Structure formats: C-alpha cells, structure tokens
Amino acid sequence: MKKSNIKHYKISCQVNGNKFTGYIDPNLRLIDFLRDVLNLKGTKEGCGEGECGACMVLVNGVSVNSCLVMAFSVDGKSIITIEGVDDIKYGKSLKEGFKRKAAVQCGFCTPGFIISASELLEKNPDATEEDIKKALSGNICRCTGYKKIIEAVEWARKNDK
Amino acid sequence: MSKNKYSFVGRDIERVDADVKLLGKAVYGDDLSFADMLYGVMIRSPYPRARIKSIDISAVEDDKDFVRVITASDILGKNGWPVLDDTYPFLVSDIAEFHSQPVAILVAKNNFKARELAKKVNVVCDKLDFNDDIFESMKDKKNIFSNFVVKKGNALEEIKKCEYVVEKEFHTNYQVHSYLEPQVATGVFSDDGTITVYSSTQCPFYILDAVCAVTGFTANKVRIIQTVTGGGFGGKEDVPALVGAHAALASYITRKPVRICYDRAEDFRAMSKRHPSYSKVVYGADKNGRIKACIVKYILDGGAYSTLSPLVLWRGTIHAAGPYDIDNVLIESYAVKTNKVPCGAFRGFGQPQISFSTESLIDDLAEKIGMDPLDFRLKNILKKNSLTATSQKITESIGLSDLIKTVRKNSNWYNRKNLTPSSPNKKRGLGCSIAYYGVGLGAKGKLLDRAGAYLNVYKDGSVCINIGNTEMGQGAFTVLSQIASEMINCPIKNIRFAEVDTSKVPDSGPTVASRTTLMSGNAIIEAAKPIRKNIFKTAYDMLKLSGGKGIMIASDGLFSMGDKVVKFNDVIKECFNKRMKMSEQGWYVSPDTSFNIENGQGEAYIVYSYAANIADVEIDTETGVIDVKKIYSAFDVGRVVNPSLAMGQAQGGVLQGMSWAVYENLVINDGVMKNPGFTDYIVATSLDMPDYDIEFVEKYYSNGPYKAKGLGELPLIAVSGAVRNAVKNAAGIDITYLPLLPEKNLKLIKLRNNNR
Ligand code: FES
Ligand code: FES
Numbered sequence: 006m007k008k009s010n011i012k013h014y015k016i017s018c019q020v021n022g023n024k025f026t027g028y029i030d031p032n033l034r035l036i037d038f039l040r041d042v043l044n045l046k047g048t049k050e051g052c053g054e055g056e057c058g059a060c061m062v063l064v065n066g067v068s069v070n071s072c073l074v075m076a077f078s079v080d081g082k083s084i085i086t087i088e089g090v091d092d093i094k095y096g097k098s099l100k101e102g103f104k105r106k107a108a109v110q111c112g113f114c115t116p117g118f119i120i121s122a123s124e125l126l127e128k129n130p131d132a133t134e135e136d137i138k139k140a141l142s143g144n145i146c147r148c149t150g151y152k153k154i155i156e157a158v159e160w161a162r163k164n165d166k
Numbered sequence: 034m035s036k037n038k039y040s041f042v043g044r045d046i047e048r049v050d051a052d053v054k055l056l057g058k059a060v061y062g063d064d065l066s067f068a069d070m071l072y073g074v075m076i077r078s079p080y081p082r083a084r085i086k087s088i089d090i091s092a093v094e095d096d097k098d099f100v101r102v103i104t105a106s107d108i109l110g111k112n113g114w115p116v117l118d119d120t121y122p123f124l125v126s127d128i129a130e131f132h133s134q135p136v137a138i139l140v141a142k143n144n145f146k147a148r149e150l151a152k153k154v155n156v157v158c159d160k161l162d163f164n165d166d167i168f169e170s171m172k173d174k175k176n177i178f179s180n181f182v183v184k185k186g187n188a189l190e191e192i193k194k195c196e197y198v199v200e201k202e203f204h205t206n207y208q209v210h211s212y213l214e215p216q217v218a219t220g221v222f223s224d225d226g227t228i229t230v231y232s233s234t235q236c237p238f239y240i241l242d243a244v245c246a247v248t249g250f251t252a253n254k255v256r257i258i259q260t261v262t263g264g265g266f267g268g269k270e271d272v273p274a275l276v277g278a279h280a281a282l283a284s285y286i287t288r289k290p291v292r293i294c295y296d297r298a299e300d301f302r303a304m305s306k307r308h309p310s311y312s313k314v315v316y317g318a319d320k321n322g323r324i325k326a327c328i329v330k331y332i333l334d335g336g337a338y339s340t341l342s343p344l345v346l347w348r349g350t351i352h353a354a355g356p357y358d359i360d361n362v363l364i365e366s367y368a369v370k371t372n373k374v375p376c377g378a379f380r381g382f383g384q385p386q387i388s389f390s391t392e393s394l395i396d397d398l399a400e401k402i403g404m405d406p407l408d409f410r411l412k413n414i415l416k417k418n419s420l421t422a423t424s425q426k427i428t429e430s431i432g433l434s435d436l437i438k439t440v441r442k443n444s445n446w447y448n449r450k451n452l453t454p455s456s457p458n459k460k461r462g463l464g465c466s467i468a469y470y471g472v473g474l475g476a477k478g479k480l481l482d483r484a485g486a487y488l489n490v491y492k493d494g495s496v497c498i499n500i501g502n503t504e505m506g507q508g509a510f511t512v513l514s515q516i517a518s519e520m521i522n523c524p525i526k527n528i529r530f531a532e533v534d535t536s537k538v539p540d541s542g543p544t545v546a547s548r549t550t551l552m553s554g555n556a557i558i559e560a561a562k563p564i565r566k567n568i569f570k571t572a573y574d575m576l577k578l579s580g581g582k583g584i585m586i587a588s589d590g591l592f593s594m595g596d597k598v599v600k601f602n603d604v605i606k607e608c609f610n611k612r613m614k615m616s617e618q619g620w621y622v623s624p625d626t627s628f629n630i631e632n633g634q635g636e637a638y639i640v641y642s643y644a645a646n647i648a649d650v651e652i653d654t655e656t657g658v659i660d661v662k663k664i665y666s667a668f669d670v671g672r673v674v675n676p677s678l679a680m681g682q683a684q685g686g687v688l689q690g691m692s693w694a695v696y697e698n699l700v701i702n703d704g705v706m707k708n709p710g711f712t713d714y715i716v717a718t719s720l721d722m723p724d725y726d727i728e729f730v731e732k733y734y735s736n737g738p739y740k741a742k743g744l745g746e747l748p749l750i751a752v753s754g755a756v757r758n759a760v761k762n763a764a765g766i767d768i769t770y771l772p773l774l775p776e777k778n779l780k781l782i783k784l785r786n787n788n789r
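Chains as they are written, first to last, in this note's numbering: chain A, 6 to 166; chain B, 34 to 789.
No lab work stands behind these hints, which were simulated from the structure alone.
Given the structure is predicted, the values throughout are model-derived calculations rather than measurements.
Treat each hint with caution, since some may be false.
Stated by the list, open to error - Here are the simulated DSSO-like cross-link-like pairs (lysine-lysine), alpha carbons at most 27 Å apart as the crow flies: (1) B:Lys313 to B:Lys174; (2) A:Lys104 to A:Lys15; (3) B:Lys313 to B:Lys254; (4) B:Lys174 to B:Lys146; (5) A:Lys15 to B:Lys146; (6) B:Lys426 to A:Lys97; (7) A:Lys94 to B:Lys58; (8) B:Lys412 to B:Lys780; (9) A:Lys139 to B:Lys663; (10) B:Lys426 to B:Lys477; (11) A:Lys94 to A:Lys104; (12) A:Lys139 to B:Lys662; (13) B:Lys58 to A:Lys97; (14) B:Lys254 to B:Lys537; (15) B:Lys566 to B:Lys36; (16) A:Lys15 to A:Lys94; (17) A:Lys166 to B:Lys442; (18) A:Lys15 to B:Lys97; (19) B:Lys492 to B:Lys417; (20) B:Lys97 to B:Lys58; (21) A:Lys139 to B:Lys566; (22) B:Lys780 to B:Lys662; (23) B:Lys479 to B:Lys401; (24) A:Lys138 to B:Lys460; (25) B:Lys459 to B:Lys38; (26) A:Lys104 to B:Lys663; (27) A:Lys82 to B:Lys36; (28) B:Lys526 to A:Lys104; (29) B:Lys36 to A:Lys104; (30) B:Lys663 to A:Lys138; (31) A:Lys104 to B:Lys58; (32) B:Lys662 to A:Lys138; (33) B:Lys36 to A:Lys24; (34) B:Lys174 to A:Lys104; (35) B:Lys663 to A:Lys163; (36) B:Lys86 to B:Lys36; (37) A:Lys138 to B:Lys459; (38) B:Lys142 to A:Lys15; (39) A:Lys139 to B:Lys460; (40) B:Lys492 to B:Lys577.
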C-alpha cells in the first residue's frame, strides 16, 4: 500500500491555551495527536467512527469528534480538551454540576459530554431541556440513562458565574 | 432522611472518584504508558467455521515496525481458557468455530501500524460447513452445553385442570454491552520472572486464572491490576481474561510491555453478548384467577463455546416462572452451541429474556380471565412465607406488593384510559411488569461467593482499603466508603480505595450478580470490627480523661461526650501511641444454602431483590415506531446506601432495558455480523430516553451490610415486558419478539386491521 511519503508536516496550534509548533505525521488523527503527542489522555476513544462522542473536543469553539479529524487540519486553530475546560465559559460549573448531580458513573463518556454541553451553553445560555437533549444526542452514555447528565447541564446553566 | 441514624450510610455522598474523572485524569486501560511498549492486534478467523492451516506473514515480515506473530504453537502453558470448562482455545490450533475467533496475535511497534499490518496477514484455511441455528444444533446432543430442570409439584397434570390456559412462543435477540470503553489490556513481563497485567475488567481473578493457564506461570508470579474501567455490564466479566491472557503471552514472548486495545468493530465481533433466546411458556389459572401451573421451555443460543452459558442459563431457569407463588412448575432449559460469537454475562444474566416471555404471557392470562393485570399480579405474587419455583421459602425482606402499589399510584393507573396520544395516528397505553432477582451467585456459583477486604488505618488518620471486587462505574468505591466510614466513624475524605490488585487481596470472586455491596460490604465490616473497637474505646477513654460526662456519641467523624469532643484523626493518633493494631483483614462467606440440582429444588439464592415497572408508551400506527414516554419503577433492594447513586444506576438500567426492547438489533447473517458498530447498531441516546419515575421501597435484609441487598441488574430485567404490554394495550397487537422493530410492529398492526 502506498502511503504518503511526507513523514512530517508542520503545524502550529493552541491547545488549552498552550502553543504547539512542531512536525507531525500527516496520517495522525487529532485524537492521536492529543493523546499520544501531547499526552492529554482525558480525550477518550469509544468507537473511532464518529458515533459516540467520547473523543469530542472544541476546535475554535466548535465541538468535533477528534477521531474523525486529521491532526494537520487544526493548523492555526485553537483546541480545548477536558483538561482545559476550566478556562472556558461554563467549564467549571459544568464539572460542578456533574459532580453534584451524580452524572458521572464510569466516566468514560464524561469529557465528551462536558465539551458538547459547554458548546451548547455558550451558544444558547437559555437552553431548555429539549435543547439540551438535542445538543447531547451525539454523545452516548451507557451508564446513566442521561437524566442526571441533563440535570447537571441545567445546574451549570443556572449557576454559572 | 430525618429518621436516618447514620452519618454516612443512606446519604447522598458525592462519588469519591468524580473529581479525578472530571479532570480527565483517571487512568483507563489505554491511558497507561510504558517505555518500549509494543502493540498487539488479533488475527481472526475469516469464516464462521474453518480449518486453519497456516498464517502467512510474507506481506508484512519485512516491515520495520513488524515484530512478530504469535500462534497457538507459541503457547507455553495450556491452550484452553479456563472459564467453567476449558474448551475455548486462547488461539485456534485447528478448527475455528466462529467468525472472528482469535487465531494469532500480530505484534508491532505502534498501534496504527499493527492494525494496518494485521489486515495484510493471510489466514490460510479451509472453509467448513457451519451451523447457526439452535434447533438444528439441538438435534445432536453433544451440542447442548448444559441443561437444567426445575420441577415442583406436577405441572403437566395440573395444567389440564385449569380453567384458563395461555401458551406462546417468544424470541429475543442479542444485546451488545456497548460499554463505552472498549476492551483493553496491557501485559508487562519483568526480568524478575513475573507478569503484571493491567486490565479493564470486572473480574481480575478470572484473568489471573487465564494468565496462569496460557503462560504456565504459578499464581504468585502473576499480578492483575484493574485500571479505571469504562463500563462493564457483564461484558467485562469473563472476556477480559482472553484479552489479558493474549497481552500477557505476547509480553512474555517479546519481553516487552504489550498493549492490546480493541477497536469497536472487533469488540462487537468477538466479545460476549446477551444470549438470543427462544422460549415456550404455558400458564394455567383456576376460575378465581389463581395461577396453578407453569410450564417453560427455555433455550439460549450459546454461540461457539460454552464459557459462562451454564451459569447464565441456570439463573434464567431458576427465575423462569416469574416472581409468583405457583404450586406446580416445570422448567426445562438448554444452552446450545452454534457457530457464532460466544455469548456470556450481561446485566440480568439470563433473566431478562425469560422475563420478557413470562411477563408478556402473564398479562395475556390476566386479559383472558378478565382481570386487571396489576390485581392479577397482586393476587399471585410471592409474599412472605411463599415458596418460590424451587420451593424456597421467602422469610424476610420482600416488598413486591408494595412495589406494585407504588407504581400503580405513581402512574395513575386507573386513569390510563384517559391518556391521550400526541397525534391522531398514534395510540397510547400503559403496561406493567414485575421481577425478582436472586442476589449473589446462588447455589450454582456458591464456591465463588466469598470476598475479602484489607483495611489499613495510617497514623495520620487516612485509611486505605483493598478489596477484590471492582469499581466499574456503578459506584462501588463510594458506597463501600460509606460503609467503612460508618463502621469506624471516619470522614469519607480520609478513605481511599486502592486499585484492585490480585496480589493484595484474596480471590473475592467476580464483580457480578449485584453482589458487591453485599459481599465486599460485609468483608469490610468484618475487617473494620476490631479496628472500630480500638477507635471507640480510645475515644471513650480520651473523652473521659478530659472530663466528659454521659454517653459517647459518634457521628460525622467526631466523638462527643457532653460538651467534650475529639476528632477522628486525634483518636487515631492516640491509638498509635497505644500501639494498637490498626490494620485488619476481613473475610465474608455467603450463608450456606442447600439445593438439589437434579430437580432444581432448594434454596437457590440467599435473598431476592424485587422490581415493578409501568411503561407509558405510544405507537405510531402508520410507521410502527414506538416512543416510550415514561417508565415508572419501584425497587426493593434492601437499604439504599446512597440514594442519588442508586437512582443513577437505576435510571441507567431502565434505559438499557428499554433500549434492548426497542432499538438494539444485532444482525448476524450466515455466521457473519453485519452491523458491528454504533452506526448501524442503535443504542438509546438522550433523544430516546423516557421520563423516569423511580422509587425505592426499602425492605431490610438482616444479613446485608446495614441491611442492604443488591441493585445493579434488577432495573433492567423486566422493562421489556412492560413496554410490550403497553404496546399491546395501546394498539391491540400481540408481540412475541424483541426488539420491537417498527417494520415488524407494522406488520402486526396490518394483520390486526385485516382481521377486523
Ligand atoms: S471515538 Fe470519536 S466519536 Fe466515538
Ligand atoms: S458514565 Fe459510563 S458511559 Fe457515561
């Protein structure tokens, strides 16, 4: 099989506020770049096919499944992962909400949910329960039954400072 | 909550592992790093049945990232995975019995490359005839993995005398666990001649057995350490042992750490599932609406190897007549071989399938008699001093009738005829179901039903606890922290649970069967008793010495006497000054029961938990699409140690049951899985969830830790029956299969319309 001969591809981007400039393998997915190059293991791979949302991160404020995106495509962009959500709006209060409402069970889905919820609240601070359900429908949680996650997001919406 | 006399038990304590998980810092199996780590990818059988001749690596052997391929001939120990029997080879040496069965391990320097290379390895084999049908398979006796009988009274005779008799056949399909973290294990051989396996698992001790078998190592040279586990639901009971054994073998052979991390499709194809089932059920009642006889034939499609099928089948068999007081019961059950992926443990463990059948048919029987389905159940359920199908007397802790009344009230059952559908082409209805669940491993798994705990108090007042059961998301470490805190009056934050490590605790059996709160909870209590004595005595002496008067009160980590107070940490300091023993081992063995396997009579389980559900469902008569609007449930699980965590676990279980009933449809055609992934195998999302109205009714169990029983599986078990009965009540169609797919429902709706 012929793969690209370019071994390295230069990118620069911001991850959780930190600058990265360096050479990467052009075959690298964004999730591998985050986990293996930057050692940010909080982003999880649940399916590798864009269906579960465990790998969600924000790229320029928009949630993407990092298993579907190539790393080189984030050149010049700003990325937020679960490790950096404290610095974005609603980040801290979402975490607090998840804790208070017992919305974390196994926790494997949690980073992805927090990312998509933060995107929702940023765009729509008045999100209703229906809005939340819709916004989170790209994230699978097999443990909680979703109710407590929705309550956690509502708590964050009401209590964000 | 005001009546609760405890500081920790029965309270909404926040999860002890929430912070680390929310930081993204919890270390799951694929988050561990080791220097020089290699990656293993399984090479699998390309056919449902095949004679494997050789593994052709000519296309990959020159690749700089290729390390080697490991085949059956490289196995140092025994090529048979010990799980009840040992017929399932770690790697196929001759005949592969199902599509995707592991044949070899390809090891490479990085994960991406390992996967690329694995695709180019050619499994040279002859395709053989296979069998994917249970009825065909059963014709040959040797394809029956196991069969059981429960025989109480004389059901065949009594059924003839019944005024009302109903009889039906039912089919249910697979369910895929869909834990969000795929299977992963890392084997680390070290130069001192030991092997450590890090695994995402519910059952580290099963992995220990498997690693010893495949490597030939003795148990004292093998350590299994559980990594933070991203969901299990039974899917991380037995099969992680296979993954862990492969990783250990590869590490031993290459002398490097080896990680095996499945991708989702592989996880679907090769890991265990909920068994598809067939059942035929007959119930008979007298003219007063008392059930007199029940006859069940229950068959599970076990897949290619027996693995846990006998135990799954046994639990299903014991509970197959439903939670009813029936004098005459005859149950016959079979687990049968087919050339498909081996099925195993899944939340409910053989009960949900047969519960679907019996709860459907019980409803039909009530209808035939002309009784309200709830009244009919109330008339026939197990009560205190009733005998179960195995003639076990229920002596305590039974809340079933209260549960039924609770959901009846909460759902406004008597007003159900007035419920309006959301549009004219839709029909809406309520349906009910009930269940019971024998807590723990029961008579058949008795030998494994024990647990150990090691509790160590440090002089700074911090506490470390080792147990042999696992946290997999269900909240075990939090609930058990509460129990430990309550015992020694220690602040929750002082307690840490060490990761489960088979070298640190005795074999505590599997973390299954909703047994962890009960078994590990009691083991912790055993360990804590002598320490509690030391702490309480020391606190008492300290308070007396400082002039305290009256009785001592211990609560919330403080000890007080009149106006004098000492803190837990100061008491501990004093205990150490007095050179008291502040570490202990606890050991709990479940009470003995007697059971006769020949006729299935006796004490099957130490105690039962109970459930009642009512589903509020709408069906679109033009599309057949079902919308489950709300599920009312009530559960009796003894004392609820942590109400908020229990609620979360219950909601999750109810949704898993509903999702199985309505959406989840695994397709295996000609022995090959057609939809191995979340793209085409649909699990419920936030848009599909119903409203939940869940209540706990606590009927204390005297032998439980703080009178708790067990919760984990119960919420899932009977949901499907409630949904089916609601659809029947709404649209008048008679569903006998799961899942309730729209196209099938539509067919029934048309059939019904034509018959009018
Ligand atoms: S891992 Fe990316 S969507 Fe599942
Ligand atoms: S908490 Fe386990 S998948 Fe959501």
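* Determine which of the earlier numbered hints do not hold for this structure and return their numbers in increasing order. => Numbers 2, 3, 4, 6, 8, 16, 17, 19, 20, 21, 23, 25, 27, 33, 34 and 36, in rising order.
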